[in-house]
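K.L.:
Now for the letters of each chain:
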Amino acid sequence: MWKFIVKRLVSMIPVLLGVTLVIYLIMSMAPGDPAKVILGEQATPEQIAALRDELHLNDPVLVQYARYIGGLLTGTMGKSYNSGLECGIEIMARFPNTVRLASVSVVLSVVLALPLGVIAAVKQNTIFDGASMVFALIGISMPVFWLGMLLILFFSLRLGWFPSSGSEGLKSLVLPAVTLGFQHMASIARVTRSSMLEVIRADYIRTARAKGVSENKVITKHALKNALIPTVTVIGLQIGGMLGGSVMTESVFAWPGIGRLMVQSINKRDIPMVLGCVIMFSVSFSIINLIVDVLYGFIDPRIKSQYK
Amino acid sequence: MSEKKYAVEIEDLVVEFKTDDGIVKALNGVDLKIEEGKTLGLVGETGAGKTTTGLSILRLVPSPPGKIVSGTIKLNGESIFEKPEEEMRKLRGKAVSMIFQDPMTSLNPVMTVEEQIAEVIELHEDINHSGAIQKAKEMLELVGIPGERGTEYPHQFSGGMKQRVVIAIALACSPSLLIADEPTTALDVTIQAQVLEMMKDLRNRLNTSMLMITHDLGIVAEICDTVSVIYGGRVIEHGSLDDVFNNTRHPYTEGLFRSLPNLDDRTSKLKPIKGLMPDPINLPEGCTFYPRCDYAMEICKTVKPSKVYRNDEHYVECHLYDENSVKEGGKIGK
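Sequences listed follow chains E and A, in order. Using numbering that gives the first Met the number 0, the first residue of the first sequence is number 0, and each one after it goes up by one. Using numbering that gives the first Met the number 0, the first residue of the second sequence is number 0, and each one after it goes up by one.
Note that these hints are calculated values from the structure, not bench results. Keep in mind the model is a prediction, meaning the values are calculated, not measured. C-beta: ideal position from N, C-alpha, C; glycine also. Relax, there's no trap hidden among the hints.
If you anchor each label on the Cβ, the simulated ranges turn out as follows:
#1 A/ILE22 <-> E/ARG200: 17 to 23 Å
#2 E/PHE297 <-> A/ASP30: 47 to 53 Å
#3 E/SER304 <-> A/PRO271: 40 to 46 Å
#4 A/ASP30 <-> E/VAL110: 50 to 56 Å
Chain E on its own, in the form it takes in the complex (with noise of 0.2 Å):
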């Protein structure tokens, strides 16, 4: 097990470079040179110039990248072209939000899906089931940046009862999370219903059954744990999905995490802090991956005799 888990976190190596280079191909090309940004309009050419020749922007891309490469390696992101501060304090200070919306976003989807897919599956074709799967279609279906945006006009200025921005206490968290939280909570439950209504199908239900187990603990004891295989994975990908959720909720309710930081860095053209960002991300995406293949093991036996 701990020679699987080695074994993954290496082979997130490559996996990073992969991402960076990709990332600062696509910002070097994005239009928009990074020194006028900075200088701003009244900028003189000779300003522009200089600056440009203080950032390297005038090296070739590829040696600007083994550059930025050689600074994480020496455990620096560079300075922001924005601000002038290292690039790792600023995400570091705004990373504890994110994750705190998304793992709220994660246990709420959560905690609400798994026993709606559940009840759905064994009252197949009842109006429950029927509703529930409405429900999720809706969840689907719905962007997050609307739903932010419709549950601001009713909860913040129709009813006042949370506000719409910031990040002030509890009261501040409810509609982001439950923004970034709701389709994910949809997916979940719709593969939560499918695998389910596979497993109550399965022999080794009716072996249970047979066995004279009561219909509760056939489902809970025996079903559910079958059915959370595909569960877990789908769970694992919405986190990933919901860091990425995180950019538009976070810019729809001003939440100041490190969704909001890339998208305002992106507009600066602040190269080294949008790759500090998606470092961020790659690095928390692979890591609950990483958890996820783990915790598949807790739950098939099948799949932990494979981890060698």
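Chain A: place on chain E using the hints.
P.N.:
What follows is chain A alone, placed relative to chain E:
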């Protein structure tokens, strides 16, 4: 006729499955009786309704799509269709248990083997968890698997070992009726013999009655007291082992015997029954077997044959016979 006690009595059982293509008539009036301590072999082709009959006794026909339309099933004289679910659950695994056909899929892949055996023991016996685990290990030993392997998962076992675990689960609470659905199909012949021996031993020690569902006539000859031949969801011939094997009446039963390889004459060719099982959605109006029958007559196409008794036990559902001619035999060629 002396009063016989029956472990299970099934009368006129009709079971249907609703599918998108139409109503599948799985059982069309099955009659079946097993005397206490005796073994009945239920013989027939795939799809004839053997497994559905077994599941009906446990009241575990999947519903929907399955539905028990009519008929009665009595376990030790008590009708099971009137019992509340709670009471039925207490019977399952204790009074009646079933060995399922496919060992590869019949065990829960995420539970250890001993947990799966211990579960049934804990449910029906007054015993704590560690006691049940201990007993589960003993059950494993009984079916020829070292007890310490109980902590392993099904995927670590071979097919034959899994089948033995399924058998151990079924036998764990010493049921008075054991439904064995092709218990040896997945096993190689040497293990087959061991498993049959084990089941015979159980029957002798605990006076267990058995419903042996199989298509292997060799197993029937080995272990059964009576035989019911099922075709198209009806028992078309029933009798003692000797009746059915040596005084075969139904052309279908005869066809089953002719489909067996002949060990004495290895050059002789098999004589399979021509054609296929009828589509259970569109069963023939008269005798379900007539399209494949060498002796089919006009009447067979339209009128369902009723039971003709050769003796107290042995009956056949075939238009070839009336009450007199069924005793003479010789209607069907050897």
